[in-house]
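Given only the sequences and the hints, what does the whole structure look like? Please build it.
Number of protein chains: 2
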Amino acid sequence: MGEGTGKSRTIVTIYGQQYTIVGKESPDHVKEVASLVNHKMKEIKGKNPYLDSGKLAVLAALNIGDELIKLKEEKHNTKEKDGE
Amino acid sequence: MGEGTGKSRTIVTIYGQQYTIVGKESPDHVKEVASLVNHKMKEIKGKNPYLDSGKLAVLAALNIGDELIKLKEEKHNTKEKDGE
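Protein chains in written order, with our numbering: chain D, 842 to 925; chain V, 842 to 925.
In case anyone wonders, no lab produced these hints; they're calculated from the structure.
The beta carbon of each residue, even a glycine, is placed where N, CA and C say it ideally should be.
One or more of the hints may lead you astray.
No more than 30 angstroms apart at the CA atoms, straight line, and that leaves these computed lysine-lysine pairs for DSS-like [unchecked claim]:
#: 1; chain 1: D; residue 1: K916; chain 2: V; residue 2: K916
#: 2; chain 1: D; residue 1: K922; chain 2: D; residue 2: K911
#: 3; chain 1: V; residue 1: K865; chain 2: D; residue 2: K922
#: 4; chain 1: D; residue 1: K865; chain 2: V; residue 2: K916
#: 5; chain 1: V; residue 1: K848; chain 2: D; residue 2: K883
#: 6; chain 1: V; residue 1: K888; chain 2: D; residue 2: K911
#: 7; chain 1: D; residue 1: K911; chain 2: V; residue 2: K872
#: 8; chain 1: V; residue 1: K922; chain 2: D; residue 2: K886
#: 9; chain 1: D; residue 1: K911; chain 2: V; residue 2: K911
#: 10; chain 1: D; residue 1: K848; chain 2: V; residue 2: K888
#: 11; chain 1: D; residue 1: K888; chain 2: V; residue 2: K886
#: 12; chain 1: D; residue 1: K865; chain 2: D; residue 2: K888
#: 13; chain 1: D; residue 1: K922; chain 2: V; residue 2: K883
#: 14; chain 1: D; residue 1: K896; chain 2: V; residue 2: K848
#: 15; chain 1: V; residue 1: K896; chain 2: D; residue 2: K848
#: 16; chain 1: D; residue 1: K922; chain 2: V; residue 2: K922
#: 17; chain 1: D; residue 1: K922; chain 2: D; residue 2: K883
#: 18; chain 1: D; residue 1: K886; chain 2: V; residue 2: K883
#: 19; chain 1: D; residue 1: K922; chain 2: V; residue 2: K888
Among chain V residues calculated to face chain D with C-beta under 8 angstroms, some are [claimed, not checked]:
#: 20; residue: T854
#: 21; residue: I855
#: 22; residue: Y860
#: 23; residue: V874
#: 24; residue: A875
#: 25; residue: L877
#: 26; residue: V878
#: 27; residue: A901
#: 28; residue: L903
#: 29; residue: E908
#: 30; residue: L912
#: 31; residue: K916
#: 32; residue: E921
Computed list of chain D residues with no C-beta within reach of chain V, every gap over 12 angstroms [what the hints assert, rightly or not]:
#: 33; residue: A875
#: 34; residue: K881
#: 35; residue: G887
#: 36; residue: E915
This is the structure:
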């Protein structure tokens, strides 16, 4: 994972814009996340062709956040069941 | 959850912009997701004051997507362990 500092630099393209992501995550993980965001933005654009890229990104974030919160709730409920 | 059609309309404010979210989710869930995105954008803005709102939204989406993919992997690994 990166050199020396333990940090990697990964360049990804999201909706035609390049972003350099610096962090301790592996480049493969960063690329997977970027691909998810890119895919969501294009999916939303397909349904709402009039939206600008800023709003598309916000809606993509909402979409992914929706999934995250549901998964967290699911995990929480599973834990509660296990504890019984 | 909504009336008649089973769909609810929820108006949320993210980074100063209003969005009307139509869907089968409860308004409380929609507000929770919106609050997550809004919070992430402000957090990233705090560290990168020069970024425009579109890029902030993309970075927020990446941040949330990172958490989602990690949680999915964790869930997947737990399931594999349970299956042993």
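Hint-by-hint comparison with the structure:
For the hint pairing K916/D with K916/V, the CA-to-CA distance comes to about 8 angstroms; that is within 30 angstroms, so the pair holds. Note on K922/D and K911/D: the hinted pairing holds, with a Cα-Cα distance of about 17 angstroms set against a maximum of 30 angstroms. Taken as a hint, the K865/V and K922/D pair is honoured in the structure, with Cα atoms around 26 angstroms apart against an allowance of 30 angstroms. Using a Cα cut-off of 30 angstroms, the hinted pair K865/D and K916/V holds, with the two alpha carbons roughly 21 angstroms apart.
Taken as a hint, the K848/V and K883/D pair is honoured in the structure, with Cα atoms around 24 angstroms apart against an allowance of 30 angstroms. Distance hint between K888/V and K911/D is fulfilled; the C-alpha atoms sit about 28 angstroms from each other, no more than 30 angstroms. Using a Cα cut-off of 30 angstroms, the hinted pair K911/D and K872/V holds, with the two alpha carbons roughly 13 angstroms apart. Taking the CA atoms of K922/V and K886/D, the gap is near 39 angstroms; set against the 30 angstroms cutoff, the hint is violated.
A hinted pair counts as satisfied when its Cα atoms are at most 30 angstroms apart, and K911/D with K911/V qualifies at roughly 14 angstroms. Taking the CA atoms of K848/D and K888/V, the gap is near 18 angstroms; set against the 30 angstroms cutoff, the hint holds. Proximity of K888/D to K886/V is assessed by CA-CA distance (about 29 angstroms); at most 30 angstroms being required, the pair is judged to hold. A C-alpha spacing of about 35 angstroms is found between K865/D and K888/D, which places the hinted pair above 30 angstroms, so the restraint is violated.
Of the supplied pair hints, the one linking K922/D and K883/V is violated, its CA atoms being roughly 36 angstroms apart against a limit of 30 angstroms. About 22 angstroms separates the Cα atoms of K896/D and K848/V, which keeps this hinted pair within 30 angstroms; it holds. At most 30 angstroms may separate the alpha-carbon atoms for a hinted pair to count; K896/V and K848/D meet this at roughly 22 angstroms. At most 30 angstroms may separate the alpha-carbon atoms for a hinted pair to count; K922/D and K922/V meet this at roughly 17 angstroms.
Only pairs whose Cα atoms come within 30 angstroms are accepted, and K922/D paired with K883/D is rejected, the gap being roughly 38 angstroms. Straight-line distance between C-alpha atoms of K886/D and K883/V comes to about 24 angstroms, which keeps the hinted pair within the 30 angstroms bound. Among the hinted pairs, K922/D with K888/V is inconsistent with the structure: their alpha-carbon atoms are about 40 angstroms apart, more than 30 angstroms. The closest approach between the C-beta of T854/V and any C-beta of chain D is roughly 11 angstroms, which is over the 8 angstroms cut-off, so the hint fails.
A least Cβ separation of about 6 angstroms between I855/V and chain D falls short of the 8 angstroms threshold, and the interface hint therefore holds. Satisfaction of the interface hint for Y860/V is found here, the shortest Cβ-Cβ separation to chain D being roughly 7 angstroms, below the 8 angstroms cut-off. Interface hint at V874/V: satisfied, since its Cβ lies 4 angstroms from the closest Cβ of chain D, which is below the 8 angstroms cut-off. Below 8 angstroms, beta-carbon pairs count as interface contacts, and A875/V has one with chain D at about 7 angstroms; its hint therefore holds.
Residue-level restraint check for L877/V holds (minimum Cβ-Cβ distance to chain D is 5 angstroms; threshold 8 angstroms). With a least beta-carbon distance of about 4 angstroms to chain D, the hint placing V878/V at the interface is held under the 8 angstroms criterion. Because the closest C-beta pair between A901/V and chain D is about 5 angstroms apart, less than 8 angstroms, the hint holds. Restraint check, L903/V versus chain D: the minimum CB separation of about 6 angstroms is within 8 angstroms; hint holds.
Evaluation of the E908/V hint against chain D yields a held restraint, the C-beta minimum of about 6 angstroms falling below 8 angstroms. About 5 angstroms separates the beta-carbon of L912/V from the nearest beta-carbon of chain D, less than 8 angstroms, and the hint is met. Residue-level restraint check for K916/V holds (minimum Cβ-Cβ distance to chain D is 7 angstroms; threshold 8 angstroms). Interface hint at E921/V: violated, since its Cβ lies 15 angstroms from the closest Cβ of chain D, which is beyond the 8 angstroms cut-off.
The non-interface label for A875/D is inconsistent with chain V: the shortest C-beta to C-beta separation is roughly 7 angstroms, within 12 angstroms. For K881/D, the shortest C-beta to C-beta distance to chain V comes to about 7 angstroms, within the 12 angstroms cut-off, and the non-interface label is violated. The claim that G887/D is not at the interface with chain V holds, since no C-beta of that chain comes within 12 angstroms of its own (minimum 17 angstroms). Separation of E915/D from chain V is inadequate, the least Cβ-Cβ distance of about 8 angstroms not exceeding the 12 angstroms criterion.
Going through the hint list in order, the structure does not satisfy hints 8, 12, 13, 17, 19, 20, 32, 33, 34, 36.
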